[in-house]
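Student: Each chain, letter by letter, is given below.
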Amino acid sequence: MSEQQGILSKLIALITYKKKNRPKTFTLAEMGEGQDAGNPNTNDQSNNRKKNSGDSRSNNTENIVQDSVKQQEKIVPGKPRRRALKKPFSPSELKSTRIEGDKVRSDIDSNIEVIKQVFGLPKNKDLIIREFQVGRKRRAFIAYLDGMADKNIINMYILSPLFKVQESDLPEGKGLNSSLESIIETNDTKNQDSIKKVATEILKGNTALYVHGLDYFLTCETIGFEKRGVEAPKTEGIVKGPQEAFGENLRTNVALLRRIIRNSNLITEFFEVGEKSSTTVAVLYLRDVVNPAIVKEVSRRLSNIAIDFLGNAGMLEELIEDNPYSIIPTILSTERPDRTASHIVEGRVAIVVDGAPFAMIVPVTMNALMHSPEDSSLKWQYTVGLRAIRFFAFFAASMLPGLYIAITTFHREMIPTDLLIAIAKAKENVPFPTIIEILLMEMGFELIREAGIRIPGIIGNTLGIIGALILGEAAVSANIVSPVLIIIVAVTGLSNFAIPNYSLAFGVRLARFYYILAGALLGFYGIVLALGGYVLMLVNLKSFGIPFLAVIAPKGRKSKDVILRWPLWMQEARPDYLNPLDRRRQPEIARRWAQEDPDKA
Amino acid sequence: MTKQSLSWLLALAIIICLPLSGCYDAKEIDEEVYALVIGVDEGVQNKIRLTFQYATYKEGGGKAQGGGGNGGDEESGEVDGTIVATIEASSLLEGINLINATVNRQISLMHAKMLVFSEEYAREGVAKYVEPLVRFREVREFMRIVVCKGKAEDFIKENRSFIGSNPAKNIELIFEQSKNTGYFPDVFFSDFYQDLLTPYGQPTAIYAGVNDLTQMASDVGTGEPPLRTEEDYEPGSIPRKGGTKKELSGTAVFDGDRMVGTLSQRETRFFLMGIGEFKRGFFTLEDPNIPGYIYVLEIRLAGEPKLKARFANAIPVIDLELSLDINIISIQSRKHYEKLANIPKLETEVKLHFEKGLRETIEKTQTEWNADIFHFGRKIAGNFGTIEELEAYNWNRHYQEAKVNVKVNTHLRRSGFLFEAAPVHSSTTEGEQKE
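Chains as they are written, first to last, in this note's numbering: chain G, 1 to 601; chain Z, 1 to 435.
Just so you know, the hints here were simulated from the structure itself, not pulled from any lab data.
All figures in this text were calculated on a predicted structure; none of them were measured in a lab.
Each hint should be verified, as a subset may be incorrect.
In silico EDC-like links for lysine to aspartate or glutamate, alpha-carbon gap of 20 Å or less [said to hold, decoys possible]:
id, chain 1, residue 1, chain 2, residue 2
1, G, K425, Z, E231
2, Z, K27, G, D418
3, G, K425, Z, E78
4, Z, K364, Z, E231
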């Protein structure tokens with residue numbers, strides 16, 4: 001890479017005759033190139049696999065040693081064989097040293113040293129280590145991360161009781177454990193004899209306590225970092241229905257779900273994904289409803305992800321979805337606990353990522369993406385109408401510009417003569433062909449949308465609307481586009497916002513350009529071909545093994561909540577394609593009171 | 001070559017192919033002008049003289065006209081937001097190409113709404129000039145066929161509207177008036193062409209003309225004006241002033257591809273009733289009880305006419321049965337014809353009137369032209385075993401021999417907002433009149 005750049009700059013220099021001796025600029029030394037590869041913090045957490053693969057970017061201590069050995073070999077030319085001879089550790093040796101290093105020592109000084117090493121003290125300013133004496137005699141220390149742990153809990157329920165302890169209260173040996181546990185007043189304590197586990201607990205915001213002489217740490221729950229409260233949903237706002245959304249805190253999110261589904265069969269499994277971030281991922285399902293195969297598949301996928309960092313739900317979505325190349329999402333992500341809960345009860349699995357205000361629901365089908373959380377809170381007649389609008393929106397958002405261009409350039413006989421002449425009149429002074437007009441306007445619209453997100457705060461929305469109006473108006477009066485096209489693009493844009501799923505709306509936005517291309521090239525014939533291809537893609541999709549267009553293709557048992565929504569009391573079965581353990585949602589007659597004689601009751 | 005790179009190559013090949021075949025037929029809307037009316041006259045220097053009327057793309061729909069005068073530019077042929085251009089050529093489609101040289105844009109027949117033949121030309125036979133339009137893909141079936149008195153060119157020049165500036169709408173809506181009045185049939189190009197070919201009957205066309213607005217007599221009349229109900233006007237002879245000069249009234253009757261005669265407005269109404277296409281119309285009948293007084297009825301066709309055809313002693317016998325719904329619009333004499341006891345009498349009067357009119361119209365087509373424009377042949381065909389037998393029989397020749405029985409059922413349905421109108425009282429009224 002750098003060599004190539006050298007040649008390139010030389011070539012450019014030949015043409016430009018620029019001074020060749022430029023001042024030295026900073027370049028990032030690549031691995032195996034520079035002398036100092038840096039000495040990052042030692043970290044016992046990195047696991048075995050990386051070590052064996054010899055990934056040079058791993059910051060494991062032993063690995064760096066290994067790397068530097070390699071580098072030394074590389075630097076010395078002509079002696080390739082020494083590499084094999086000088087191999088310092090065999091894998092088994094490495095393993096043994098690691099385990100040795102992972103054990104908690106039984107003296108306080110070396111434990112402090114280990115903790116300091118693990119967290120990179122004194123460079124790292126986040127970890128607080130507080131040394132003190134228990135019962136004025138026995139040395140002890142606590143370690144916690146500043147900001148992650150609640151200092152009030154530490155002061156009042158860990159430190160304060162420990163300071164009040166008399167020496168006589170502290171027996172020697174094994175008795176110490178139970179007495180310590182009774183002294184500490186936090187709600188949860190654990191014994192940890194592995195440094196790695198201690199480090200993980202500290203990273204979560206818990207506090208590690210070590211008392212001299214023990215061969216384990218006592219971790220106390222003190223998690224108390226700043227978090228956002230439960231707020232109203234931002235992208236899935238509805239009029240009628242609950243107005244709370246997930247936050248960034250996993251525990252809160254799970255609690256929100258538990259509060260809705262009060263059922264002991266609601267299981268929350270935890271997974272950790274991301275080697276550097278160790279992000280907790282929760283998997284929630286109803287044990288007596290969900291098909292166990294789905295849960296198995298979800299946990300298989302989650303536990304087999306090798307990635308360094310998992311920042312949000314979208315990243316995980318990309319890692320676990322069935323068809324990464326599909327432009328249509330096959331995972332439903334929602335920020336609404338009520339919606340998540342309703343899917344869990346239907347027999348689906350919810351995946352909640354710590355730090356992401358979204359829950360992912362698998363497996364889903366196309367129609368689930370087209371449903372809105374408001375659907376179930378409105379009367380079914382209204383919902384049917386709303387769904388019709390939504391399906392029209394899906395159609396319009398993806399195909400309207402494509403159809404327009406197909407009709408106006410290939411099938412002019414289909415336009416009513418009055419309209420045709422009106423369009424021709426409006427287009428008379430426009431110098432561009434329709435395809436350029438459409439692309440210009442679509443580009444403008446997308447620009448407004450993208451810019452609208454960045455424009456700060458209150459002016460954002462206004463500027464977006466005004467921008468669209470002014471842009472359209474100006475484009476028409478400047479004869480850049482014809483007014484009919486503004487309507488087409490505006491209806492398309494509106495329709496796109498009517499699609500209830502954020503990701504699906506993006507997929508439709510992309511598909512729109514695909515149809516524009518097809519319409520511009522081959523007219524209706526092209527659109528039909530493109531639609532065929534699109535439908536093929538859709539039927540080919542799977543969401544955790546479930547065909548994406550299930551119920552429609554392949555045809556399943558009739559559902560009362562696909563495109564139409566029938567009254568709630570008619571929806572007796574859970575989705576057939578999920579094969580849930582409990583198929584029946586409710587008995588045949590849900591409105592039992594209607595069968596009764598009101599006078600006899 | 002791996003499987004993946006092969007599939008990439010295939011995809012690439014398909015993508016490269018797309019622009020090769022794609023866009024070939026693509027044409028922007030404003031690259032074409034859309035001929036709304038095509039007129040065919042007999043040529044002088046060449047076989048035919050073609051007239052096209054096409055919409056311009058100027059804002060505001062052409063020049064402002066001065067009070068229904070002779071607006072438009074004679075030289076450019078500009079007529080109310082449209083251009084009327086005439087050219088002589090050897091054939092219809094060649095004429096389009098010839099005129100393209102002057103129009104700057106491709107003339108498209110996709111939106112042609114009216115095909116006008118001059119009467120003179122229609123009487124010579126139109127089949128050879130209709131055929132290329134059928135074969136040519138741009139022409140569509142809903143183009144109307146009009147035969148006009150005089151030259152088609154003159155008729156098209158008068159095809160303007162003073163109501164709105166939208167030429168296409170004007171042309172579309174004028175044909176809709178067939179449903180409101182029944183004074184002319186609404187003949188589609190596809191029907192016309194089909195009728196040319198069938199052994200079942202004969203084609204018709206809309207009969208039209210240009211009114212020079214001088215038909216109205218001078219304002220000074222002498223004495224009482226005569227009462228003339230169901231006046232028959234030739235197109236171009238309706239006494240009126242103002243408005244457009246074009247007039248559609250009556251039916252052009254064809255025998256094969258040659259025009260043989262015309263039905264008047266009144267006869268056209270009976271003709272439309274006979275074929276079941278009469279929607280509604282006002283009829284003024286003289287009151288049989290009080291001469292000089294009239295009553296006005298709105299007549300609607302109640303359902304399709306019932307048609308039966310059979311052979312009796314080798315003579316084709318056709319039974320036509322119609323039902324008409326009557327709404328009273330006006331009774332000048334203020335007599336209580338809508339009273340339950342009086343209804344049958346009125347119904348019978350109307351029934352006889354319409355039976356007579358219908359019978360006369362049918363007889364006219366039989367005796368004068370022997371042209372079965374009612375398409376009775378469609379029912380007669382049921383009496384033949386095979387189509388070859390029907391063709392050998394040649395219904396169109398035997399139409400004149402047919403005996404047609406007409407039966408009209410009438411039902412008085414509504415009497416309007418008035419019921420048993422009270423007499424008008426004045427100083428000369430002589431007491432209460434009892435019936």
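Student: State for each hint whether it applies.
Tutor: Hint-by-hint comparison with the structure:
Only pairs whose Cα atoms come within 20 Å are accepted, and G:K425 paired with Z:E231 is rejected, the gap being roughly 44 Å. Simply put, Z:K27 and G:D418 have alpha-carbon atoms about 19 Å apart, close enough for the 20 Å limit, and the pair holds. In summary, the hint linking G:K425 to Z:E78 is supported, as the alpha carbons are separated by about 16 Å, within the 20 Å threshold. For a cut-off of 20 Å, the pair hint linking Z:K364 to Z:E231 stands: about 17 Å separates their Cα positions.
Violated hints amount to a single one, hint 1; each of the other numbered hints is respected by the structure.
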